Amino acid sequence: MNAKHLAAAVLAATLAASASAADLRAELAEARTAAKLAAENTKSYQDTYSDIYFDLGSLTVAEFERRAASGETVYAYIGRPSCGDCNAFEPLFKRYIAAHRLDGKIWFVNVHRLHQNPEAWAAFKQRYGLSGTPVLAKYANGRQQNKLDFEENGGIGGADLERWLQLNGL
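Using mature numbering (1 follows the signal peptide of the UniProt record, and there is no 0), the letters of the sequence shown correspond one by one to residues -21 to -1, 1 to 149.
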């Protein structure tokens, strides 16, 4: 092989390696973008979904409002996955759900989306007598009968929860 052929072969190999490296860099950039989007989607999912759904039946906000307005007795856990206080309260609450067999008696109302609209959230809180989330409340005859409100109570402990459940015969 003469020098020209050798130089051409080396140049061809270098170009092929360079193209291959560029392809690898592009694939790596795509993989990084995909990982970033997956992480963002996971965070978004975590902010809107709570595993309390495994422990309690749920009502949409609209269904909760319909039932409360109809005069039906409704026990509601009003919370949202994007609420730090709700996330802190739920492990304790889950133990009481299991111990008192509360599934089918108390309904989870996820107000995450409602909370995203400040005007609608303020109107909802006023209409249903809430300070914020989390809150356990009993509605009957079209109005709130009683509640255990995290913000008004300065937290919710086991004794508070036990008293509220006893008050409501749960």
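Since the hints were derived computationally from the structure, they do not count as laboratory data. A few of these clues could be false.
[Claimed, not checked] Once the Cα atoms are required to be at most 25 Å apart in a straight line, the calculated DSS-like pairs of lysine-lysine come out as:
1) Lys84 - Lys117
2) Lys104 - Lys84
3) Lys73 - Lys117
4) Lys117 - Lys104
5) Lys73 - Lys84
6) Lys126 - Lys73
7) Lys104 - Lys126
8) Lys126 - Lys84
Model, not experiment: these values are computed from the prediction.
Hint by hint, here is what the structure shows:
1. Distance check on the hinted pair: Lys84 and Lys117 sit about 11 Å apart at the alpha-carbon level, within 25 Å; holds.
2. Using a Cα cut-off of 25 Å, the hinted pair Lys104 and Lys84 holds, with the two alpha carbons roughly 22 Å apart.
3. Between the alpha carbons of Lys73 and Lys117 the distance comes to roughly 18 Å, so the proposed pair stays at or under 25 Å and holds.
4. Distance hint between Lys117 and Lys104 is fulfilled; the C-alpha atoms sit about 14 Å from each other, no more than 25 Å.
5. Of the pairs offered as hints, the one joining Lys73 and Lys84 holds, with about 14 Å between alpha carbons and a cut-off of 25 Å not exceeded.
6. Distance restraint check for Lys126 and Lys73: the Cα-Cα separation of roughly 18 Å lies within the 25 Å cut-off, and the hinted pair is therefore satisfied.
7. For the given pair, Lys104 sits about 13 Å from Lys126 by alpha-carbon distance, which is consistent with the 25 Å threshold.
8. Proximity of Lys126 to Lys84 is assessed by CA-CA distance (about 15 Å); at most 25 Å being required, the pair is judged to hold.
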